[in-house]
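Number of protein chains: 2
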Amino acid sequence: MSCPFAKTQRSAPQRTPKRVSFERPPVYAVIDEAPICHVGFTTPNGQPFVIPTIHARKEDTLYFHGSTQSRLLQAIASGDPICCTFTFLDGIVAARSAMHHSMNYRSVVAFGSGYLLTDQALRQEAFRLTVEKLIPGRWENCRQPNDAESKATAIAALKIEEATLKVRTGPPNDIASDLEGPYWAGVIPTLTHYGPPEPAVSQELPAHISELVS
Amino acid sequence: MSCPFAKTQRSAPQRTPKRVSFERPPVYAVIDEAPICHVGFTTPNGQPFVIPTIHARKEDTLYFHGSTQSRLLQAIASGDPICCTFTFLDGIVAARSAMHHSMNYRSVVAFGSGYLLTDQALRQEAFRLTVEKLIPGRWENCRQPNDAESKATAIAALKIEEATLKVRTGPPNDIASDLEGPYWAGVIPTLTHYGPPEPAVSQELPAHISELVS
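Those protein sequence lines, which keep their order, are chains A and B. Numbering-wise, the first sequence is residues 1 to 214 according to full-length UniProt numbering. Numbering-wise, the second sequence is residues 1 to 214 according to full-length UniProt numbering.
Simulated from the structure, these hints should not be mistaken for laboratory data. Model, not experiment: these values are computed from the prediction. Where a beta carbon is used, it is the ideal one built from N, C-alpha and C, also for glycine. What you were told as hints is all true, and nothing was included just to trick you.
Each pair of labels, with its calculated beta carbon distance range:
no., chain 1, residue 1, chain 2, residue 2, range
1, A, Pro136, B, Ser210, 36 to 42 Å
2, B, Glu180, A, Lys58, 33 to 39 Å
3, A, Gln124, B, Glu161, 38 to 44 Å
4, B, Ile175, A, Pro206, 16 to 22 Å
5, A, Lys58, B, Gln120, 50 to 56 Å
6, B, Ser210, A, Gln144, 46 to 52 Å
7, B, Glu180, A, Lys159, 38 to 44 Å
8, B, Gln203, A, Pro136, 41 to 47 Å
9, B, Glu161, A, Ser150, 36 to 42 Å
Simulated crosslink set (BS3-like; lysine-lysine; CA at most 27 Å straight-line):
no., chain 1, residue 1, chain 2, residue 2
10, B, Lys58, B, Lys151
11, A, Lys133, B, Lys166
12, B, Lys151, A, Lys18
13, A, Lys166, B, Lys151
14, B, Lys166, A, Lys151
15, B, Lys159, B, Lys133
All chains, full assembly: derive it from the sequences and hints.
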């Protein structure tokens, strides 16, 4: 079971409804499990942008790639402050009271500033990390970038300076006077999984793909 | 089938790999289907924040709710520029070349500025829209907010001034010289659905919950 989505979403609900952590191991677990993140930056005239993108991580550094013309890549590489958020929606919390409806979720909000990666060995490693994050085992099972492709790709690195994990789990938190009311209450889990691969080639599924979706 | 996630994710792949739209109906379809969004704002010292939250929409206005102490609500209500992004990851695109790996996705990036909603009738309507967006049919099947709860809740409205939908669908876009290579290529769909409800009360599932998860 290497599907990254399912690991913690199916864990039993806990009674602790909200937790905050600044510890790096649980922060990194969410970052590594998240297939995409939302990157926030601010233009010089003060307009915030929030752009979804693919990321990879090694130690305390995030890697982002894109066209050398990409505004997102330029913003990350500029050294201006960046916020990068990784979110899982784990369930809808239906309370007896409208007020206590909520979501079960895990979310990391990370802050840092970035720079353009120019060292060729580090760039190649970031490229590999990104492909391996998408599909473990893929790097050795696809054609690796040639010089022209590498030159057309910008890679930005961002050192995580500060990061917070927030988690809500468990049942609704209704107040005592609502507990005997007539309304149904509970959690409706949201589950994400991989569907059957849609091949673009007539070829048996290789192991790294069948393992991903199993 | 009222599961909001599944409607378009399971549609057949199209050959057009990327589309951009500024038309409001397809933009609103993604906003309404998305269970959460990521709101971007910038603090006075220039730090961008990206915070996941629940939203509701009516016509060209988004509604957000939270504690009156919430920094996110205060930021939206401040009138400063806001970016609000709604994203679905629909599949992982495995290309023959590392370079052409990608994601199939739908994403709306919306801009606007907000204000605090103070009119009691509009506040109540925004509260209703939010609960109904979480679970259609829920508003009449839970205890509605009392005065104290209403006073503790800030609701911010944000008029969408500009919004862009970007969509990638379909198979990998490898270059011609890679097509005859040895590598598997294709799309691995990511599917999201509701799991079996986890009741907090011993009661038969009401229709609005069983319809949601069916």
